[in-house]
Amino acid sequence: MSKLTPTPGQTVGPFYGYALPFTKDNELLAPGSPGSIRLQGTVYDGAGETIPDAILEIWQPDAHGNVVQRTGSLVRDGYTFTGWGRASVGNSGVFTFTTVNPGTTPAIPGKPAAAPFISVAVFARGLMNRLFTRIYLPENEEALAADPLLSSLEPERRKTLIARRDADGGLTWDLRLQGKDETVFLDFEHVEGTSK
Amino acid sequence: MLLDANAGHHQDDELVPAAEPHAGHAPLDTAVETQADLSAEMKAIGEAYARALKDGAEPETQPRLDFAPYRSSILRHPTKSLHHADPETIELFSPAFGHQDVHALEADLTIQHNGEPQGERIIVQGKVLDGDGRPVAGQLVEIWQANAAGRYIHKRDQHPAPLDPNFTGVGRCITGPDGSYRFSTIKPGAYPWKNHLNAWRPAHIHFSLFGTDFTQRIVTQMYFPGDQLFPLDPIYQSIVDQDARDRLVATYDHELTSPEWALGYNWDIVLTGSKRTWTENEAYGDAADEE
Ligand SMILES: [Fe+2]
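Residue numbers (our numbering), protein chains in the order written: chain S, 3 to 198; chain W, -16 to 274.
Simulated from the structure, these hints should not be mistaken for laboratory data.
The structure presented is a predicted model; accordingly, all values stated were derived computationally and were not measured.
Not one of these hints is a red herring.
Below, simulated DSSO-like cross-link-like pairs (lysine-lysine); rule was C-alpha separation at most 30 Å, straight line: (1) Lys5(S) - Lys63(W); (2) Lys177(W) - Lys182(S); (3) Lys258(W) - Lys5(S); (4) Lys26(W) - Lys37(W); (5) Lys161(S) - Lys63(W); (6) Lys37(W) - Lys63(W); (7) Lys170(W) - Lys138(W); (8) Lys110(W) - Lys170(W); (9) Lys110(W) - Lys258(W); (10) Lys258(W) - Lys113(S); (11) Lys258(W) - Lys161(S); (12) Lys177(W) - Lys63(W); (13) Lys37(W) - Lys5(S); (14) Lys110(W) - Lys5(S); (15) Lys138(W) - Lys177(W); (16) Lys63(W) - Lys113(S); (17) Lys182(S) - Lys161(S); (18) Lys177(W) - Lys26(W); (19) Lys182(S) - Lys63(W); (20) Lys138(W) - Lys26(S).
Sample of chain S residues with no beta-carbon within 12 Å of chain W, all distances over it, derived: (21) Pro33; (22) Gly34; (23) Ser38; (24) Thr44; (25) Ser94; (26) Asn142; (27) Glu143; (28) Pro157; (29) Arg167; (30) Ala169; (31) Gly171.
Quick look at which bits of chain S chain W covers, simulated, 3 or more residues with Cβ under 8 Å: (32) 14 to 26; (33) 46 to 53; (34) 109 to 117.
Every residue gets a Cβ at the ideal spot worked out from N, C-alpha and C, and that includes glycine.
Produce the entire structure from the sequences given, and follow the hints as far as they go.
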């Protein structure tokens, strides 16, 4: 399909901490502003230990399901929602974003509708290449059951992509790079069963 | 000139304290594995890959997630194969960045302080293309690197090489309409790390790139031609295919070299193909191509 061979990825390494983070990188909305929620979680390795040197990015539609194409993520003005954010995992392995519940985007013509989700890219020292995954909202069982990705997964694996709703309206979603309850990571390039 | 373009972008707690005690040489750990141990492991993986190719396997183009010679990867790679997914609408778009986000001077890493940084001044230039060869215009490129002595301004970097008060090692730019980027910087030094005894990273610049689709997001490293450390480095060797490795190595370009000023290196980056079709562009007004 593609004519050129993609450049390989490489690990983000240990020293991104003075380069990739920026002020309010994890605040897609100002904390406490109307409609904002906290999205938090912990990143674990295959031994169940928390990982302090990972960095996550989220990319999502706004609350109405619009794909936002506005600049200003790196120099946030405090009120423009750009749909993208970046969060370094702290020493305890925890990351936090302030964002909104993603809305349902219109279905791609000719395809079944996806349940609302937040797209995630994961980078870490010791992780050779970035990984993609998704954070689905726990509500609307019907939409979750009909979602093309979720319905293609075993129940045990499927649950790794669905966040928990916190009492304060926030979302909690943990990321496991390996082991029991390993998060489902996505491949957009190859159909299952073909070589990597 | 004094440029504080990066002020506010750095998280202070990641920076080396100003009055840092001299790190000194860490005592050598006697239990640690040697380069010979690691090289033997990498050789075995390389030979197995060569046999697989001979038996008709498709060439690999990306690093292996499971590559034990990079010890930190052992507990940090998924053991289940990646699950195929068709990108959904949000994944067919990327966040938009513009000149509001990045100052033009952030592409020059040699002017971020009062004085000239130490080392060999270089220009790194190239294009960001998608898998169909189309330029990725108006997108964010971020880089970070060690200084000429092989030292990062990062608290976790314990290498007892000198910091350079005139070099931070962070740059950003927005690609031009033809997908081009250009940085002025200093050639980074090789540096030791603790994967095994006498482990050294080949000189490299870290690159972070966005495409038109979020599925094209990539972080990688650019290397310099002819580095003698390539065969010894588990991170470079995690890409088992030589043609694929070569795609991370810049080309020295004398046409790009600036007389009496800086050596030129060229490096084009190819992202995966865009999965967006005209229908989706139409449905969303092709907003991603506006800037
Ligand atoms: Fe590095």
